Amino acid sequence: MPDDTPGIHHVTAIASDPRGNYEFYTETLGLRLVKRSVNQDDVSVYHLFYADHEGTPGTSMTFFPYTDARPGQVGSGQASAVSFLVPTGSIDYWRDRLADADVDLEEPRERFGDTVLPFTDPDGLPLELVAREDAPSANLPESPVPHAHAIRGFFGVTLSLTSGDATGELLKEMGYRQTDRDGSRYRYESAGELGYVVDVLEDPQAPRGIPGAGTVHHVAFRVTSDDQPDWRRLLMDRGLRPTEIIDRKWFESVYAREHGGVLFEFATAEPGYTVDEELDELGERLVLTEWLEDRREEIEAGLPALSP
Numbered sequence: 001m002p003d004d005t006p007g008i009h010h011v012t013a014i015a016s017d018p019r020g021n022y023e024f025y026t027e028t029l030g031l032r033l034v035k036r037s038v039n040q041d042d043v044s045v046y047h048l049f050y051a052d053h054e055g056t057p058g059t060s061m062t063f064f065p066y067t068d069a070r071p072g073q074v075g076s077g078q079a080s081a082v083s084f085l086v087p088t089g090s091i092d093y094w095r096d097r098l099a100d101a102d103v104d105l106e107e108p109r110e111r112f113g114d115t116v117l118p119f120t121d122p123d124g125l126p127l128e129l130v131a132r133e134d135a136p137s138a139n140l141p142e143s144p145v146p147h148a149h150a151i152r153g154f155f156g157v158t159l160s161l162t163s164g165d166a167t168g169e170l171l172k173e174m175g176y177r178q179t180d181r182d183g184s185r186y187r188y189e190s191a192g193e194l195g196y197v198v199d200v201l202e203d204p205q206a207p208r209g210i211p212g213a214g215t216v217h218h219v220a221f222r223v224t225s226d227d228q229p230d231w232r233r234l235l236m237d238r239g240l241r242p243t244e245i246i247d248r249k250w251f252e253s254v255y256a257r258e259h260g261g262v263l264f265e266f267a268t269a270e271p272g273y274t275v276d277e278e279l280d281e282l283g284e285r286l287v288l289t290e291w292l293e294d295r296r297e298e299i300e301a302g303l304p305a306l307s308p
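Using full-length UniProt numbering, the first residue of the sequence shown is number 1, and each one after it goes up by one.
Derived from the structure by calculation, the hints contain no laboratory data.
It is possible that some hints are incorrect.
Unchecked claim - DMTMM-like cross-link-like pairs, simulated, lysine to aspartate or glutamate; straight-line CA separation at most 25 Å: (1) K172 - E189; (2) K172 - D3; (3) K172 - D280.
All values derive from a computational prediction rather than experimental measurement.
Let the hints inform the model, and build the full structure from the sequences given.
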């Protein structure tokens, strides 16, 4: 058996306008663009990575912004909310900040003893801020958000499923343990400091999610390079159909759609985002993998500018 995963590595979602996406996640949420690249399966589309100062695993929210993307429908078989961790006492600051930016948000609520602030990004992607006393210190980027209130990384994700039994069993094998329940919401927690929560929201009548702008494409979990082949075998043994190990340059990945339909990725922490850029220069230029470098001129010509 491979070692337990400590939590989420990154979450990847679909967006529409690249510039609007960039402005929201850097200016409004105060994250750093740590990697400016392209979708390796469709080089006409950016792949944008937002995170803490260095792109620490557990802090990286990434997007494929398709300029002609139609709105998706959040529903069953998807991660239906992405939650970020902020320090206790930060919710009032964020409620005011998001309201001033005309962000669509709801009133704070209590969930399993935590204060949660739900809101959406410009494409309608459901996001949450969760305030916790145990929010870790972090290598925070310089941004418009004061460090005292800055996002530390992921708290977790909510998976919407018609039935959560098989997914719950897989999560347990990944190192998550069920710690609470509130009606049809089941909470699973790992032993990590970031991205350590997965809530399974069970609704047999929920409409099926439709991919598109404002929906999550996949959720990636942190694994080691040594364990990755074992994870792949475990997934096959559980009746899933994992991909081969894929070199994404900044990490290696195995993908599998779990029993409820959510696409899971098992991604390594190494080599990280500084393998091809200096730390202080992350995200400033378009970075391509070696096998795409000879197409740079063509690729750059097809991408819109991220800033005026």
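Cross-check of the supplied hints:
Distance restraint check for K172 and E189: the Cα-Cα separation of roughly 9 Å lies within the 25 Å cut-off, and the hinted pair is therefore satisfied. Pair hint K172 plus D3 holds up; C-alpha atoms about 12 Å apart against a cutoff of 25 Å. Distance restraint check for K172 and D280: the Cα-Cα separation of roughly 38 Å exceeds the 25 Å cut-off, and the hinted pair is therefore not satisfied.
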